[in-house]
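There are 2 protein chains.
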Amino acid sequence: MERLPGFRDFYPEPLPNQDVWSADVRNHIFETWRAVARCYGFREYDGPPLEPLELYIAKSGEEIVGQLYNFTDKGDRAVALRPEMTPTLARMVAAHERNYKKPIKWFAIPQLFRYERQQKGRLREHFQLNADIFGESDPAADAELLALLIDTLRAFKLTADDFVVRLSSRNAWQEFFNQRCSDPAKAYDFYQIIDKLEREDPAQSGAKLTALGFSLDDVRAFIQAAEPTAELALILANLVARGLSDFVKVDYNVIRGLAYYTGPVFEAFDKKGEFRAIAGGGRYDNLVKQVTGGKVNLPGLGFGMGDVVLTELLKARGKLKIQVVGLYYDIFWLIEDESLRLESLAYIQQLRDSGRAVDYPLTGVKSDKQFKRALEIKARVMFKLARTGTGLVFSVRNLIAKEERETTDFEEACKIAEAWLSSLS
Amino acid sequence: MERLPGFRDFYPEPLPNQDVWSADVRNHIFETWRAVARCYGFREYDGPPLEPLELYIAKSGEEIVGQLYNFTDKGDRAVALRPEMTPTLARMVAAHERNYKKPIKWFAIPQLFRYERQQKGRLREHFQLNADIFGESDPAADAELLALLIDTLRAFKLTADDFVVRLSSRNAWQEFFNQRCSDPAKAYDFYQIIDKLEREDPAQSGAKLTALGFSLDDVRAFIQAAEPTAELALILANLVARGLSDFVKVDYNVIRGLAYYTGPVFEAFDKKGEFRAIAGGGRYDNLVKQVTGGKVNLPGLGFGMGDVVLTELLKARGKLKIQVVGLYYDIFWLIEDESLRLESLAYIQQLRDSGRAVDYPLTGVKSDKQFKRALEIKARVMFKLARTGTGLVFSVRNLIAKEERETTDFEEACKIAEAWLSSLS
Numbered sequence: 162m163e164r165l166p167g168f169r170d171f172y173p174e175p176l177p178n179q180d181v182w183s184a185d186v187r188n189h190i191f192e193t194w195r196a197v198a199r200c201y202g203f204r205e206y207d208g209p210p211l212e213p214l215e216l217y218i219a220k221s222g223e224e225i226v227g228q229l230y231n232f233t234d235k236g237d238r239a240v241a242l243r244p245e246m247t248p249t250l251a252r253m254v255a256a257h258e259r260n261y262k263k264p265i266k267w268f269a270i271p272q273l274f275r276y277e278r279q280q281k282g283r284l285r286e287h288f289q290l291n292a293d294i295f296g297e298s299d300p301a302a303d304a305e306l307l308a309l310l311i312d313t314l315r316a317f318k319l320t321a322d323d324f325v326v327r328l329s330s331r332n333a334w335q336e337f338f339n340q341r342c343s344d345p346a347k348a349y350d351f352y353q354i355i356d357k358l359e360r361e362d363p364a365q366s367g368a369k370l371t372a373l374g375f376s377l378d379d380v381r382a383f384i385q386a387a388e389p390t391a392e393l394a395l396i397l398a399n400l401v402a403r404g405l406s407d408f409v410k411v412d413y414n415v416i417r418g419l420a421y422y423t424g425p426v427f428e429a430f431d432k433k434g435e436f437r438a439i440a441g442g443g444r445y446d447n448l449v450k451q452v453t454g455g456k457v458n459l460p461g462l463g464f465g466m467g468d469v470v471l472t473e474l475l476k477a478r479g480k481l482k483i484q485v486v487g488l489y490y491d492i493f494w495l496i497e498d499e500s501l502r503l504e505s506l507a508y509i510q511q512l513r514d515s516g517r518a519v520d521y522p523l524t525g526v527k528s529d530k531q532f533k534r535a536l537e538i539k540a541r542v543m544f545k546l547a548r549t550g551t552g553l554v555f556s557v558r559n560l561i562a563k564e565e566r567e568t569t570d571f572e573e574a575c576k577i578a579e580a581w582l583s584s585l586s
Numbered sequence: 162m163e164r165l166p167g168f169r170d171f172y173p174e175p176l177p178n179q180d181v182w183s184a185d186v187r188n189h190i191f192e193t194w195r196a197v198a199r200c201y202g203f204r205e206y207d208g209p210p211l212e213p214l215e216l217y218i219a220k221s222g223e224e225i226v227g228q229l230y231n232f233t234d235k236g237d238r239a240v241a242l243r244p245e246m247t248p249t250l251a252r253m254v255a256a257h258e259r260n261y262k263k264p265i266k267w268f269a270i271p272q273l274f275r276y277e278r279q280q281k282g283r284l285r286e287h288f289q290l291n292a293d294i295f296g297e298s299d300p301a302a303d304a305e306l307l308a309l310l311i312d313t314l315r316a317f318k319l320t321a322d323d324f325v326v327r328l329s330s331r332n333a334w335q336e337f338f339n340q341r342c343s344d345p346a347k348a349y350d351f352y353q354i355i356d357k358l359e360r361e362d363p364a365q366s367g368a369k370l371t372a373l374g375f376s377l378d379d380v381r382a383f384i385q386a387a388e389p390t391a392e393l394a395l396i397l398a399n400l401v402a403r404g405l406s407d408f409v410k411v412d413y414n415v416i417r418g419l420a421y422y423t424g425p426v427f428e429a430f431d432k433k434g435e436f437r438a439i440a441g442g443g444r445y446d447n448l449v450k451q452v453t454g455g456k457v458n459l460p461g462l463g464f465g466m467g468d469v470v471l472t473e474l475l476k477a478r479g480k481l482k483i484q485v486v487g488l489y490y491d492i493f494w495l496i497e498d499e500s501l502r503l504e505s506l507a508y509i510q511q512l513r514d515s516g517r518a519v520d521y522p523l524t525g526v527k528s529d530k531q532f533k534r535a536l537e538i539k540a541r542v543m544f545k546l547a548r549t550g551t552g553l554v555f556s557v558r559n560l561i562a563k564e565e566r567e568t569t570d571f572e573e574a575c576k577i578a579e580a581w582l583s584s585l586s
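Chains as they are written, first to last, in this note's numbering: chain R, 162 to 586; chain W, 162 to 586.
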């Protein structure tokens, strides 16, 4: 039986000649995300993977339904597997925001789902780092969020040669629009054209713009000038102070398709332009108000960074050298004398109680096969228990330095092993 | 807008006067699960949360469908949110078992879903530690798995006064059945009666047993004797050797409802009997064969431990004292002189680059309010940058020992802070 198209299995390490996905790689990415978020004082949260369909329609309109994994549950509720985290977050923050000092800085690592028309190799689920700030309208918050985004990518050893954050402004585009058009109803369509500008045939974009009363040349000149707004200038100065200015540039090609952004918006791209956006986000000062029907009003901003593009990029740039395979045991316990199996188990238990990862043969196996196993699993220390004329003796072997010591005292054997293991780690 | 009934929000820390669920508690549980699994050399994997419905029907029969979150997707596929991990695991292992030396020891922490008739407070999702071993039919593997289960609960500081693993045997019951009945078609019904014996009215159980040709007294005498099979005796001796025998007792009341168990089966319970089972599992030597239509034949065994009962038990026994709230910052950087904000950001960046969690005021705030914030977030060290007649001076304050030092050298300031932070951690 096969898994569903667009879903991934995560074997412990990547399978030979298969996709790069694995639990080891995923854990490496999640742990790095968590470590950097922690440095920035973001606190982890999570919500349900299944939500009322209405939550997404309220935020994005009916057209979102075509892209969702949605269905009617056995209680006749219209529900959907979450396609994004922000609506859940807005709901959670709005419900209990009084419990929290502002700014609220939170992150999550949800699995998200989209049912789009099937494209070759296109996934229907991915994991995403979501980092958001609520309750601060000053551009200092935008700079803090951008610094987190940049430092997250830097933590994977990506440099300014590998990626750039393209920073733009909904306000700048709004002003551009207002100066040339007095009908606010046309704004959404105008933003959609700008959003597609880099991917669409210029003739087509030009025609659409003309139909709305704009000109492609005018739009291009505005993008070309890339004149930062006062708000963007503050954000840039803040990032310069942090030494992060190499990672960001003003680029008005970015506008973000979603309707709810209100201020600075941004997207991170690989510099070679081989991949889709690595991350994207911006300010959404009206979203909480919208989701709560006006009951709670909190400025907000955030970004999402998916695991799929990131993993592909790290692999392509040779930054995915995870040395975890085989490194999950510290100690191999060799059982040469089956009559000592039960005694051996008592000592193995003690080693595991001390936090060490210990392997041993579950059943009787020849010593040379056991030794081979110890090397295969890259154990760094091997224990063996043997009977002598006078009693029991432990031999402890450093499998890296190929050094062996014997003692009749288990505590001493443990000290020898611990000294080796800590010097080898 | 409310979340769906039976689903949980995970705020960073537990909300006052609400459920115990929180991301902090969940992370504590997941990290403990991972740490113990690692000591036993179990490797993490994961699979899709959505699978073909057929996968579950193949294993558990059509009756399972009534308990599932199942629906038809936009590609007309019958799918279900996973109610358990074992079918996915069996599929994954069967597909690539040749890549792995036996025994295969794997674990996962999936979120699982059941749509049961709504009961007050009953959840429709939970997380579960799943640990399984494939490719070893010796009872030594059952003992290894039970030791992992016991040590996982011990890692939460639960003792033999708090819980017990009730160990039973499908083989023992099979033999009991065969000695008294020659119609194998009745075995499943018989097991269902035994499974309900402790919860059901004895008169009803007795009537059902009589109808099948058994007697309640006979069944009770068998349970009362609790005579371990040769297999169980080996497992018990193995656990005695590890010093874990206090945590386990033979108890033939346990039989496990699911059809696919074949050998030893077990369930862990709190000793006061206040909660549902903490964990349960057993041997299922035919499952891989069944799921692969006979293509792959691998003995297997495993257990599941849910986060809900475990969290409730830990809370009830006072073992859930997680001191993470407020401990997510190491350093607070106080900005007294707004003209030094950008310089301060440069130094904050360096502290974060070194892996420290640093908070600072995003906008201009009075110093006494900032100091209050530093104490609230339980920062252990506070930095401040000030202008003197000759240049800049850093003051570093140990907020625990209430000691302050000044230096014009940032590197020296960092050394002072690091010494304090490591002595305070």
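In short, the hints are calculated from the structure, not lab data. Accuracy of the hints is not assured; some may be wrong.
Copies of the same chain look alike in the list, so a pair counts if it works inside one copy or between any two.
[Claimed, not checked] Using 25 Å as the maximum straight-line C-alpha spacing, the simulated DSS-like pairs for lysine-lysine come out as follows:
no. : residue 1 : residue 2
1   : Lys450    : Lys539
2   : Lys347    : Lys482
3   : Lys357    : Lys369
4   : Lys539    : Lys262
5   : Lys235    : Lys369
6   : Lys533    : Lys263
7   : Lys347    : Lys456
8   : Lys432    : Lys533
9   : Lys563    : Lys533
10  : Lys369    : Lys539
11  : Lys480    : Lys530
12  : Lys369    : Lys347
Predicted model, so just to flag it, every value in this text is computed and none were measured.
Hints versus structure:
1. Lys450 - Lys539: Classified as neither; 56 Å inside a copy, 32 Å across copies.
2. Lys347 - Lys482: So Lys347 and Lys482 fail the 25 Å test inside a copy (49 Å) and across (56 Å) alike.
3. Lys357 - Lys369: within (11 Å within a copy, 70 Å between copies)
4. Lys539 - Lys262: between (48 Å within a copy, 14 Å between copies)
5. Lys235 - Lys369: Neither. Shortest intra-copy (45 Å) and inter-copy (32 Å) distances fail the 25 Å Cα cut-off.
6. Lys533 - Lys263: Between copies only: 14 Å across chains, 58 Å inside a chain, cut-off 25 Å.
7. Lys347 - Lys456: neither (28 Å within a copy, 61 Å between copies)
8. Lys432 - Lys533: The answer is neither: 46 Å in one copy and 44 Å across copies each exceed 25 Å.
9. Lys563 - Lys533: Only inside one copy: Lys563 and Lys533 sit 14 Å apart there, 56 Å across copies, limit 25 Å.
10. Lys369 - Lys539: Answer is neither: 62 Å inside a copy and 56 Å across each miss the 25 Å cutoff.
11. Lys480 - Lys530: neither (35 Å within a copy, 43 Å between copies)
12. Lys369 - Lys347: Within. Shortest intra-copy distance 12 Å satisfies the 25 Å Cα cut-off; inter-copy 73 Å does not.
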